[in-house]
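*Asks:* Using the hints, put the two standalone chains together into the complex.
In case you want the letters, here they are:
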Amino acid sequence: MNREYLDILLKRYWDCETTVAEEQELRDFFSRADLPEEYTQYLPLFSYVGEEQAVTLSDDFDERLQASIIAAGRKKEKEKTRVFVPLLRIAASLLLIGGLAISLFFITRQQNKPYYTETTGSNTDTNTAMQHATHALEKLSDALQMSEEASVETIRSIDDLDIDWFTLDSLSSIAADDSVIVNSLRIIKEENI
Amino acid sequence: MSTDSFHTIILPLKEKLFRLAYGIVRDRSEAEDILQDLLLKLWSRRDEWDGIGNLEAYCFRAIKNMSLDRLASMAIRKADLPEQEEEQRYFVDHHSPHQALIQKEQRRMIDQSLRLLPETQRLAFRLREVEEMSYRQIAESLDISEEMVKVSLFRARKKMKELLSRY
Numbered sequence: 001m002n003r004e005y006l007d008i009l010l011k012r013y014w015d016c017e018t019t020v021a022e023e024q025e026l027r028d029f030f031s032r033a034d035l036p037e038e039y040t041q042y043l044p045l046f047s048y049v050g051e052e053q054a055v056t057l058s059d060d061f062d063e064r065l066q067a068s069i070i071a072a073g074r075k076k077e078k079e080k081t082r083v084f085v086p087l088l089r090i091a092a093s094l095l096l097i098g099g100l101a102i103s104l105f106f107i108t109r110q111q112n113k114p115y116y117t118e119t120t121g122s123n124t125d126t127n128t129a130m131q132h133a134t135h136a137l138e139k140l141s142d143a144l145q146m147s148e149e150a151s152v153e154t155i156r157s158i159d160d161l162d163i164d165w166f167t168l169d170s171l172s173s174i175a176a177d178d179s180v181i182v183n184s185l186r187i188i189k190e191e192n193i
Numbered sequence: 194m195s196t197d198s199f200h201t202i203i204l205p206l207k208e209k210l211f212r213l214a215y216g217i218v219r220d221r222s223e224a225e226d227i228l229q230d231l232l233l234k235l236w237s238r239r240d241e242w243d244g245i246g247n248l249e250a251y252c253f254r255a256i257k258n259m260s261l262d263r264l265a266s267m268a269i270r271k272a273d274l275p276e277q278e279e280e281q282r283y284f285v286d287h288h289s290p291h292q293a294l295i296q297k298e299q300r301r302m303i304d305q306s307l308r309l310l311p312e313t314q315r316l317a318f319r320l321r322e323v324e325e326m327s328y329r330q331i332a333e334s335l336d337i338s339e340e341m342v343k344v345s346l347f348r349a350r351k352k353m354k355e356l357l358s359r360y
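Respectively, the protein sequence lines represent chains H and A. Numbering follows this note's numbering, with no gaps: position 141 of the first sequence is 141. Numbering follows this note's numbering, with no gaps: position 147 of the second sequence is 340.
Treat the hints with care, as some may be off.
Said to hold, decoys possible - Taking lysine-lysine pairs in the DSS-like style, the calculated list, with each CA pair at most 27 Å apart, reads: (1) A:K234 <-> H:K76; (2) A:K354 <-> A:K297; (3) H:K11 <-> A:K352.
Stated by the list, open to error - Derived list of chain A stretches under chain H, where covered just means 3 residues or more per stretch with a C-beta under 8 Å from a C-beta of chain H: (4) 214–225; (5) 229–243; (6) 292–305; (7) 311–325; (8) 340–354.
Simulated from the structure, these hints should not be mistaken for laboratory data. Beta carbons: idealized from backbone N, C-alpha and C, even for Gly.
Here chain A stands alone, though its shape is the one from the complex (with noise of 0.2 Å):
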């Protein structure tokens, strides 16, 4: 029973894990660890599982408090490095070197404003924008409400919007 929830219900999840942790310590390899670890917890913890509720949201808010931890651990090791380079990403470039230099300072700030969100604006904003997920799976996975999912998302667009409209 438990072996069969592992490959049904957490493994198909890990690719949602790994973007949400991505989303909150911004570097792959770091996301990758952190999942690592949550499923081998999961995995050697497997006889505990009846006692959760739901799993599929208990992933979620794991991920999401070991990715926060992590950021923690991470800014203590960065304070004493020289300041790393952005991860170099672009969009696929239609056009002129002109445009793809817009477009990825844009994406720059739109990541900067983000990041800039309070903690639950910026995690409900990146389950319903990236994972697709609804409202009532956002709130069990972050432990709120669902009325304070849509408060978050809403001022969280609403801070995308003004930010584009200066443009």
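The shape of chain H in the complex, shown without the other chains (with noise of 0.2 Å):
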């Protein structure tokens, strides 16, 4: 390489207009062991570029990424999984809550059916009832207008008698004993009957 040309190329490179061809020749020029004295000065800043390219990863790296990326594979695996369980912790609820719904409404329902509709069979049935029911309910109905007939009466009866209320009534105050008055009563209602 001729001098005139290297300050050239030298001056072009301070003011950054070399290729990175021209640079590499550069670095070559100044990685010589017979470097001219004047060119010394720049010596140092290619020889730190030069040492600066020569840094490389170390010779396991690229196991230790591999690795290292199995390594995320599988957390991201178990990530998932760990995603996946509280799901089914919730899909297992619901569907005990769902269950346990489903059952209550079944229960509940069951609970609420008229008594009529498993007994009653047929019209006749109905019918007899019925009838049971209406003499039930004409006993009941004689029963009561014979006790009314038989007040009736006996309002009548006691009308009859014409008792005087005055006198019974002094006669139960200066006699303290009630046993005149239930005396007097028996046998009103002796002659009554």
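*Replies:* Shown next, in the form of structure tokens:
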């Protein structure tokens, strides 16, 4: 490499006009063992760059990277299952609640069912039940009528006796003994009968 | 399709992405850790890649942001620790131990002055010099204009020239 060309190249280098290939040319020149004295001042810079270029990754970097990628993949899988487990829990609880709700619905529906829907079979059954009921009601009505008639009869006979109520009241006030009244009333009753 | 992109576009970038992360955090194991995080994230979201226009630039932007975040958390962690020894790195020693010492000192100086550069200048310089990327690629990776890349690179190189001229 002649000096003139080298000087031009160097000038262009400082002015940032060199290409990547020309810069490589310069580095090659400065790595020569027989570097002319006047250029040695710039040697440290080109040596520095050359050294920095020689820095490489450790030999086991690829292995470590691969291992970490595999480990990360496993971790992701674990995370996936970890996400899946709570979902399963939620699904299980929903299933449980749903099951309970459905069973409760059927149980309550069974209890609400009216009794007759199970016992009544045909129209004849209804008719006999109605007959029974009517019969019972008629009996009750008869009994009530009889007692009413008896009451009316009693009141009428009491009125017929023409009792002096005033004397009776005074009697009860003089004679503190209740038995007198009871007796008098019994007499009245016996007479009435 | 997506799985293919991972092998054809993303994985071939791993060394470049690693070096960019290393350029920011200056710690090999941290840089590898960041890259592993990024690749893992990309792999797990491979279904979403179709929405990304330039997957390559996206990867560079992502690793840059992740590295800057990591650097901030590292600074917090290291704040309580005593000053750690710089990583021991030497030039190939062709010459005398004296020469080696000088070279080591020069290297430390370049490293330090690069660190003092504004973020865009530092990253533009790194992507151009170390990763040999075109201005367009750098612009897309840093999410800035090509013009801005040129300006940043020019300033970074100027700074380096000034620094080296003092010797």
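*Asks:* Could you run down the list of hints and mark each one as holding or not?
*Replies:* Right, here's what the structure says about each hint:
1. A:K234 <-> H:K76: holds, 13 Å
2. A:K354 <-> A:K297: Roughly 18 Å between the alpha carbons, so the hint for K354 of chain A and K297 of chain A holds.
3. H:K11 <-> A:K352: Satisfied, since the Cα-Cα distance of roughly 14 Å is no more than 27 Å.
4. 214–225: holds (count 4)
5. 229–243: With 5 residues closer than 8 Å to chain H, the region 229–243 of chain A meets the three-residue bar; holds.
6. 292–305: holds (count 6)
7. 311–325: holds (count 5)
8. 340–354: holds (count 7)
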